[in-house]
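With the numbering used here, the residue at position 107 of the sequence shown is 107, and numbering never jumps.
Errors might be hidden in some of the hints.
Claimed, not checked - Now the in silico label distances, taken between C-beta atoms and shown as ranges:
1. D108 x P67: 28 to 36 Å
2. P95 x R37: 28 to 36 Å
3. D36 x R127: 21 to 29 Å
4. P95 x P55: 37 to 45 Å
5. L90 x P60: 15 to 23 Å
6. E104 x P67: 20 to 28 Å
These are calculated hints, taken from the structure and not from any lab test.
Glycine included, every Cβ here is placed at the ideal spot set by N, Cα and C.
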Amino acid sequence: MVFVCTQNSARSQLARAAWARASDVPTASAGTRPTDRIHPRAVQIGRRHSLALGPAGPAPMSDVVRPGDLVVAVCDSAFEELPPTEQPALHWAVPDPARLDTDEAFEDAYQQICRRIELLAVAVATRL
């Protein structure tokens, strides 16, 4: 399970950490155009919700995605930039909280991601 957003600085990082809490299926996160660090507000939201964001920073998809991974694009731009491969992909249109750069925007993105992860974790567990 690989969660992807454009910069790999907020949504995909939060999704990876939330997935790790919800499922035993291995997970990672990546970006189509990764930045150099996790957004500070994403770190704050992670701490607030006891998520382990981990020491790894943003990474490019080419370093992370492997054959057979389920790729979940958590933003429109990343979904549109996914390479035309045989990778199975899901698309969650979660607005970029960094654009507003408020605690509320990051919390809202986190809540949207968590609702979807709950549903996906049940679906994946029933197939294992």
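Status of each hint after checking the structure:
| no. | hint | in the structure |
| --- | --- | --- |
| 1 | D108 x P67: 28 to 36 Å | holds, 34 Å |
| 2 | P95 x R37: 28 to 36 Å | violated, 21 Å |
| 3 | D36 x R127: 21 to 29 Å | violated, 37 Å |
| 4 | P95 x P55: 37 to 45 Å | violated, 27 Å |
| 5 | L90 x P60: 15 to 23 Å | holds, 20 Å |
| 6 | E104 x P67: 20 to 28 Å | violated, 39 Å |
Going down the numbered hints, you'll see the structure goes against 2, 3, 4 and 6, while the others check out.
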